[in-house]
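Generate the whole structure from the sequences, applying the supplied hints.
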Amino acid sequence: MTKECRKFNAKCQAQTSNLVPTERGQRSDVVRHVLVDLVLFTATVLVIYGISSLPSSQVLWIVLSVLLVLMVLWRVLHLQSAKIAEIPYTCGYASANGKDVYIVSTLHISPRSERDVIAAIAAVHPDVVMIELDEERLEFMRGPSQRPVLQQFQYTVENGTDSSDAVPLVTQRAYWNGEFAGDQISGPIVLHSSGSSRFSPSVSGCIVLVEDPGLAPLAQLAFAAAKEEARALLCAAHTARAGLSGQQLPAGRLGNESLLTDLRVATRARNMGYPPIPVLMMSQNSSQQLMAKLQTATVQGSFQVLPDDFPRRTLRRRICQEMAFALSGIWLLYGVMECFQVDAGDEFLAAEREAQRRQLPCLCIDLDMDRLCSRFAAAAIPYPQNLLASLRAWLSVPRHALRICFPWKCALTTKVLWDPGPD
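Take the position in the sequence shown, starting the count at 1, then add 6; the result is the number in my numbering.
Calculated directly from the structure, the hints in this document are not laboratory data.
Don't be surprised by glycine CBs; every beta carbon is placed ideally from N, CA and C.
Wrong hints could be hidden among the right ones.
[Said to hold, decoys possible] What follows is a set of in silico ranges between Cβ atoms, one per label pair, in the way DEER data are often shown:
#	residue 1	residue 2	range
1	363	64	20 to 28 Å
2	129	47	37 to 45 Å
3	373	234	35 to 43 Å
So, in structure tokens, the structure goes:
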């Protein structure tokens, strides 16, 4: 979510605060839905039993033909109002406590999805745009053009009793640096020779500058440096790693390796958690200037670790998530899409760009990967409330089937309309 959109969060919450229903209203809606579901479920069972007991199959075709004619007549006689007709046909309408809500249903691989989202926003002039996507996936879809906030770093050169002014630099940070948010890291900078992942005891209490990390995982270097009680790790951007040169820095956070690489690092470090020290990467030009000064003088470095709200997970949690997604078939679906180079989800970026252009709040209302697994685990355990919810879901099948055949305007519950999460 961009800074411009975050500024509208307080305004959006104030606008939607009156959407929260009372506890009495929620209970009455539940009781009403349960009674309707029981009546429709009983009627459906009786109708199916009556039709199946008839000796001739022609009656079944007659009933289906009559149902089809009634569905067509219903749609002809109950056309949407002129206001609804202006929006795309994939857009549904609902009302809750005097608030109008438009839900755009899109097919992620359809090229028309992006146009439908823009047309819907232009037609209804909403107060807020909500994306059914979590912050992590939206950040991944934005690509390298949306660079996150860089970490500030500064150093001073000491020649005997004299010291120069602090030289500021911008560096890219590792994804686990947020675990040390607010910590002030300072100490002498020492140079570590390239080509070795082992550090000498002399790096204790120092900030270690690795001239060329090569293709070694940064987490592995961080574990090795922390073993010798180093305070932080500085790396130089190199062509061998990402084709970087000059003042270029990686666009995304550092340390996002494959699962197999993380397993190898955890095996060598005997640790499945986050690396115990922060890691920064500076540009190639900045690292060359710093290494030249280290040859003739003592250099002191310091920085304060910035907070980072971007979702991060340990190897333990990542293994559990990968296994769950592999068993559920989600990774198979995404693998097929990547195999055929199918672009999906452009409507989310289109909604964010359109909201920014119109200066509207744009919020991510979906669960992130961490809360998704915890929510799934809480729902899968056979607690009494989960069993009752499953029973209610089966009882509601006839009601939803009836609404598919004969759609009408309905009021959605606030939990569906507004669930921004802890942020």
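Status of the hints after comparison with the structure:
1. 363 - 64: 20 to 28 Å: At 59 Å between Cβs, range violated.
2. 129 - 47: 37 to 45 Å: holds, 38 Å
3. 373 - 234: 35 to 43 Å: Holds - the Cβ-Cβ distance for residue 373 and residue 234, about 40 Å, lies within 35 to 43 Å.
In the structure shown, a violation is registered for the earlier hint numbered 1 alone.
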